[in-house]
Amino acid sequence: MKNYLLYGLLLIATLTPSLLNAQKAGDIISGTITDKLGPMIQVNVKEVDASNRIVAHCATDINGNFSFKLVNPANKIQVSYVGYRTQIIPINGTVYTIRMLESTQLREVVVSSTKKVETGGLAIPAREISSASQIISAKEFEGLPVTTIDEALQGRISGLDIVANSGNLGAGTSMRLRGVSSINGNTEPLIVVDGNVWETDESSDFDYNNANEEKFAQLLNVNPEDIESIAVLKDAAATAIWGSQGANGVIDIKTKRGSRGPSVVTYSYRMTGTTQPEGIRLMNGDEYTMLMKEAYFNSRLSDAAADIVEFNYDPTYSEYEMYNNNTDWRRAVIQTGLQKNHYLSVSGGGEKANFRISGGYDTETGSVIGQRLDRFSTRVALDYFVSDRIKIVTNFSLTHTNNKKNYGGLLSLAYSKMPNLAIYEEDEFGRSTGQYYHMLANSSQELVDQRNMENPVALAYLAKDNERSNNIQPEFQLVYNLLGTEHDQTQLKYEGKIVFNIFNTYTDRFYPVDLITTGWSNSSANLSSSDNYKSLGITTTHTATFIPHFDNTDHSFMALLRGQTTSGNSASQSTSAYGFPTGNITSTSAEAILSGFSTSAGQWRSIYLTFSAHYAYKGRYMADFSIRRDGSTKFGPQQRWGNFPAVSLRWNASDEPFMENLGWISMLSIRPGWGKVGNQPGSDYLYFSKYTPSSTYVGQTSIYPSNIRLSNLKWESKETWNIGFDLGFFEDMITSDVNLYTQLTTDLLMYNRALPGSSGYTALQVQNVGSMRNRGWEFNINGNRLIHKGRFSTDFNVTFANNMNTIIDMDPTVLSSLNSQFDRSNGSYLTRVQLNNPFGSIYGFRYKGVYQYTDYTENEVRGVSGPDAPVVRNKDGGVILDETGRPKPMYFCYGTTSEYEFKGGDAIYEDINNDGNINELDIVYLGSSLPKITGGFGFKLNYGRLSWNNQFNFRLGNMIINSARMNAESMYTNNNQSKAVNWRWRTEGDRTSVPRALYNYGYNWLGSDRFVEGGSFLRLNYSQLSYSFDPATLKRFGLSQIRLYVSANNLFCLTGYSGADPEVGYGGYGIVYDASQTPRAKSMTAGITIGL
Amino acid sequence: MNRLQPYKTLGLACCIGLTLAGCSDFLSILPPNEIVLENYWTAEADVENAVIGCYAALQSSDCIGKMAAWGEIRSDNIVPGMSTPDMETQVLKGNLLPSHSYSNWTPFYQVINRCNTVLYYAPMVNQEDPNYTPSELKATVAEVTALRNLCYFYLIRTFKDVPFVNQPSIDDNQNYRVPVSSFDSILTVIIDELELVKDDAVRQYANVTSNTARITRYSIYALLADMYLWKQDYANCVKYCDLVIDHKIKRYNEEKNTTASKVKLFGAYPLISEQIGGNTTGYAYNEIFGTGHSFESLFELDFEENVSISNSFISSYYGSNSTSVGYLSAAEFLFKDASSGNSMFKRTDCRYLESMEESNGVYAIDKYTRLTVAFDNSPGTSGTTYVNASRRSTSYANWIIYRLTDVMLMKAEAEVQLAGVVDPNAITPEQRAHYRTAFSLVSSVYNRANNIQGSRTDTLVFNNFANNRITMEDLVLKERQRELLFEGKRWYDLVRLARREGNNNRLINYAVTKYIDNQSAMRKKMNAPLALYFPYSESELKVNPYLKQNPAYETGSTTNITD
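Residue numbers (the numbering used here), protein chains in the order written: chain A, 431 to 1522; chain B, 247 to 809.
The following block holds chain A by itself, in its conformation from the complex (with noise of 0.2 Å):
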């Protein structure tokens, strides 16, 4: 055992000099150094200890002769020099003659290792694995235009949905890893950057379901070029070491660090340019102005209520010029976005230190006017071995961002606001005078929904919404090697270190006055805010990491023991005026009309203690255990701890002997795991009750009990019971990984949970609810070089999974609150929340169509009557009349204060029950948000030095509710409309299947299945052509690497979806709504990456 070998080191310090007996500390040693050349200068000459640490140090000067003063006879001498072998000669002389040997003559050397993989803890290697993980190399997304490594990540790993929130620059993503377990807490997997937690603040009525902007910071922080690898971790098993953090998976991201080698400078430069993709197509004026005078004559039967000066094309108008055209919004606000990224790195390293320091700096457009991201990020990362032992590792990490964005949402604007209106004010021969032009205050009262509604293009170009943010990040980190330092000896190593992470963030806001004609009174007059958040997070982690050496080799053992505290505060300032004399001034410090200020501050802090152990038995038997302790502010002292457990195994089967002839099966493994993990409201001091000061009353102030206190609560708990099996076969060509899995949700957080008023409140900030259950399956599969010949070569990947999500317990008045009533007013879908089936149903009416004729006849008479209108008919179709003898009419809540009797050219709804009137009980279920099978897949061909590699990803069996394509056909208010509704019902007789325009009024756009469609689709989602040159030919030129490659991005999309975009994020309860945002963008990439 070398567990002597501490009393070796002391034996030889200690007995050393007494046995030679020739030098004491304090003799000046000296030498001359050589080569074959003769005297070397500049060679470095050290004295160091048993753990190499340097105890003096010289250098040989001219003529080759060094001399030092000798600190410790025990000590060696180490001679090194660049291009040499370093040598280490025992002290037993004072004068010395070296000879340098050039390393080049030295034998090569193989070095034989296996992959190891670490994932927040142990460096176990990649054959032991027994959780639910999956690892992606960085530079498999080399070069592709990503701002931020999410949207690479997409299609990539099985079991991670990723879906871009919007194109909008600076929008982010939304993931959900093995789908939502939580009711309306964070879903969100965590994100760790080398082993360290961005922690913030959340304010408690922060609102999960669409918060992505924050862990969209986040990543935006972290240069996709800076990442080595990925790790995904799924299971509990995986996640348990992260405890209450975790319990939405983990992405673990690596960056790069310098190793030891000559000094290699990198060079890349990256150009793209994105376009929108059309979405859907809109009206000209002259369509439009004929479609709202008919919405506004059908609703009121009056040519009065039709006659709207802006729609009459009256040249006598003094605005005629105004609205007279044929405007495309649409085009007016989009452009081709161009992004350039450049970014350089050095690294390299020596015996004593290893660096990466890296810079980049990107600058965007967006492919909507007014957009522009700005981006600098640097990254340091030092390792400095003062001796075998000791090892001091230090990152720093700076990122600045600038991003420009929209006041408003341009694009939505520019599919409501009317084609007949003029972007710029014009003469009175119709020509541009350049000026925006605005609706004037005394336009007609109907249209004063479109008055409000901002020039988009003027507000893209004088209104500003600037964000502004900085996060720093230095890590200081100790690594000492209390115990032996190689391989085969016990190992017992110590780290300490400490993260700093400053977040500051500033947003600047300006609103003309220009943009709507109301005056100068208004508080939204040249209305100024500017908001800044500033934040400081201190994470301090010490972790023990124990490897016994055992002299049987079948056994191996390692374990870790680890525990980290966190503390930050935060603070936040916003300020807003109005009025500003003119729009030049912005700045709110300057003299206007203050309209708001407020502060806020937080704190936050957290305990978190771990144990995890890994053992294998001849590499074939492996077990591991974790276990997580968190210590939490969100709780009272009961519950404030939350113990989070983890075991798997992992057999690998191939390894057995009796498998053996079975070569062409490199790897056949089952991991069986379960493991707990938690989850911890997001705001603090809920325990408290709490008392608020509040308004004056008679001159005095007042406190009031401001909540209920939560004495109650507990974590939130998800249990995993995971089963995996791994496969590798001809030789690890091709490899795959399966994984079932069952989650047990249990004491679900809820926040908001509505109380009875009669409490004095009327909500609980969070209570724990129910239970949820999510089961799934995912497949990944892996081909590497799977056809090989000559210079030609590919590879593949291919993942799916699903999942399938179930409430199985919950309070019945939980649930009632949740699920909205039937509220009679178009374009609403009942959400349901129920016991035993999942989130994301949609419910509403099935759409049949439009009736022909407002009267019925048995048979048709042409334009005037028919019977194809709205009547009660029985279940067999027969027509139900009434006692007169005449047919009964159809009506929509027939009784209620929403009483409508059906037309000619209104909607049909089918009448489930057959009873003659629409109402909730003709709500059917009409399908699921959530699809049943999510994915991607991809192949690489290669040739010689030039590669192809093709990603694609799919969703498929998902009803997507197309409330863009909803409003743009439901001629209901003064939006422009979608070029559809040409095909409108205009006059009795007409066959369509799209109603008749009725200005607010009528029930034609009910929630039904007219506007649910299938989400399924296919995307190409990017493609992309390299080469590198040969290095051979490039030494010549000085130059190590050039690297070209051309990318496109989003090039096509297979889809039955009408919309712009079938990826559309998560809304509450699951349900996905297409809210006409921004469509991803398509783009085209061209980069070219240098080494020297």
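Keep in mind the hints are simulated off the structure, nothing from the lab.
Treat the numbers as computed from the prediction; the structure is a model and nothing was measured.
Note that the Cβ used here is the ideal one computed from N, Cα and C, for glycine as well.
Be aware that a few hints might be false.
As the list claims (entries may be wrong) - Far from chain A, by Cβ distances over 12 Å, these chain B residues were calculated: (1) L617; (2) A620; (3) N713.
Claimed, not checked - Computed footprint of chain A on chain B; a stretch qualifies when at least three of its residues, placed anywhere within it, have a C-beta under 8 Å from a C-beta of chain A: (4) 280 to 292; (5) 443 to 456; (6) 788 to 795.
Claimed, not checked - If you want the ones that stay clear, here's a sample from chain B, every Cβ over 10 Å from chain A, calculated: (7) A296; (8) E334; (9) S431; (10) K477; (11) L489; (12) F541; (13) G607; (14) R637; (15) V667; (16) T705; (17) E729; (18) N755; (19) T759; (20) R769; (21) A774.
With chain A held as given, fit chain B onto it using these hints.
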């Protein structure tokens, strides 16, 4: 291996030691902007601040809006105004829905909970802080009980049966699903509680404004009088009305020499005169509604100019400096032809000019929105005519809950009922005395507004009313309508009438007068016995399984989903 054991344990101990030591302290963080319960309720000031917190809740626009709307919108006084929101339009059409925010009682229970909290913790402060004396504690209990019971009084008059909660909501261990208690049982309890504490309340505060802005002994008497009126215990009603009236007479006598020019005796009752010298009238309005905290006031919610809390109900529903007509406006019959005399107002009555004005064919509500008014009332002219008026630039009108004339007319109503069943042909002297008292009260209020001081003769004649219970009741009711127009009283007056009658017939006759068309549909809607009350809120029904919807609003079909 054994040799390693010490290192391992040492490492473990280090790590655990480092992190666990002082864990509890490390994980206990206190909110920076709030005080936690553990550190509150230690000193007198804590009680005082929490009591003020009860008023602050009652002063919220949510509460005032409901006090006003519940007592006013459904009555014959109100019709839609300008850009009336959908909900108010529906309520005015008689379509009360459980989804309307008017069906939501939470703001009142917020006040109730704050009051319950004070009642729960104040006795503990009494033990901790010697400065907080037992008599101060008793005064606090009386004040807060009155506020809480006022809220319950509003709730039962609006919803009939409501959950009765008298414990503070502190912890999530408590049961918050409380079944309803009946109108009568709640009324009995809240009267009994007030009877116990009524004489502990403060008579006079150091701060003059507080005498009317906070609960005093006399506002408790007024509240009790109102409650007894609803309980149909008329003797007690008269008793408490008299306590209030006597207090005002005493104060009048004390201050006679200083306030003689403002407060005058109308009959036996001291009221602020409309006319102070010259021929301009409107002085009483300016004092009561313009300046606020007048001689006549008993309890009103105080709003101050240039303080962030404003009475936004008035500015959006009645009108403001910039919007002449709010969401609501006055019914036509109240104002139209009033200059030549209509069934409600004589042309000499100041009140119609004070409370309303015509604006493009709509009758804007001016009560509370105006800061000052002035009318010409010169002798010899045929009636009072408008001179000028100014509206408030910001909405800081106080909201009056009880004032003297309200109490006087409560007494009048009680006196009429005390006379009992009357045979028009054989009225006993006792009955006649009750009618005489009732008449003199009504007459005083009436004469003040009709400026009998200005030597006008247009006044009420006792014998026109005295023979018949119905005419007497009608007289009092009409006077209450005129005097307390738009003060959130009228609908409750009608509900009280219907409760007394045992049917809705007379209520309906009054209430439908404002509808030009659709009167029969309105009659039908109000015919259901419990249609007098508001429906329970949908959100409340969802989370409180013990609550059963008022049958008048049961739609019959609940939302069922066919799969």
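These are the hints, each one checked on the structure:
1. Distance check on L617(B): its Cβ is at least 20 Å (rounded) from any Cβ of chain A, clearing the 12 Å threshold; non-interface status holds.
2. Taking the minimum C-beta to C-beta distance to chain A, about 29 Å, the non-interface status of A620(B) holds against the 12 Å cut.
3. For N713(B), the condition that its CB be more than 12 Å from all CB atoms of chain A holds, with the nearest at approximately 45 Å.
4. Coverage of the region 280 to 292 of chain B by chain A holds in this model, with 7 residues showing a Cβ closer than 8 Å to a Cβ of that chain against a need of three.
5. Given a C-beta distance limit of less than 8 Å, the hint that chain A covers the region 443 to 456 of chain B holds, as 3 residues qualify and 3 suffice.
6. Interface restraint, the region 788 to 795 of chain B with chain A: holds (5 residues with C-beta to C-beta distance below 8 Å; minimum three).
7. Listed as a non-interface residue, A296(B) fails to keep its Cβ farther than 10 Å from every Cβ of chain A; the least gap is roughly 6 Å.
8. No beta-carbon of chain A comes within 10 Å of the beta-carbon of E334(B); the shortest separation is about 14 Å.
9. The claim that S431(B) lies off the interface holds: its Cβ sits roughly 16 Å from the closest Cβ of chain A, which is beyond the 10 Å cut-off.
10. Its beta-carbon lying about 23 Å from the closest one in chain A, K477(B) satisfies the requirement of being farther than 10 Å from that chain.
11. The claim that L489(B) lies off the interface holds: its Cβ sits roughly 24 Å from the closest Cβ of chain A, which is beyond the 10 Å cut-off.
12. Against chain A, the non-interface label of F541(B) holds: every CB pair exceeds 10 Å, the least being about 18 Å.
13. At the 10 Å boundary, the C-beta of G607(B) stays outside the reach of chain A, the nearest C-beta of that chain being 18 Å off.
14. For R637(B), the shortest C-beta to C-beta distance to chain A comes to about 17 Å, beyond the 10 Å cut-off, and the non-interface label holds.
15. The beta carbon of V667(B) sits about 40 Å from the closest Cβ of chain A, which is more than 10 Å, so the claim that it is off the interface holds.
16. A cut-off of 10 Å between C-beta atoms confirms that T705(B) is not in contact with chain A; the least separation is 39 Å.
17. Residue-level check passed: E729(B) sits 26 Å from the nearest beta carbon of chain A, beyond 10 Å.
18. With a minimum CB-CB distance of about 24 Å to chain A, N755(B) clears the 10 Å threshold, and the non-interface call stands.
19. Non-interface status of T759(B) relative to chain A is upheld: no Cβ of that chain comes within 10 Å, the nearest being about 23 Å off.
20. Its beta-carbon lying about 17 Å from the closest one in chain A, R769(B) satisfies the requirement of being farther than 10 Å from that chain.
21. Listed as outside the interface, A774(B) is consistent with that label: its C-beta sits roughly 15 Å from the nearest C-beta of chain A, beyond the 10 Å cut-off.
In this structure, only the earlier hint numbered 7 is contradicted, and the remaining ones agree with it.
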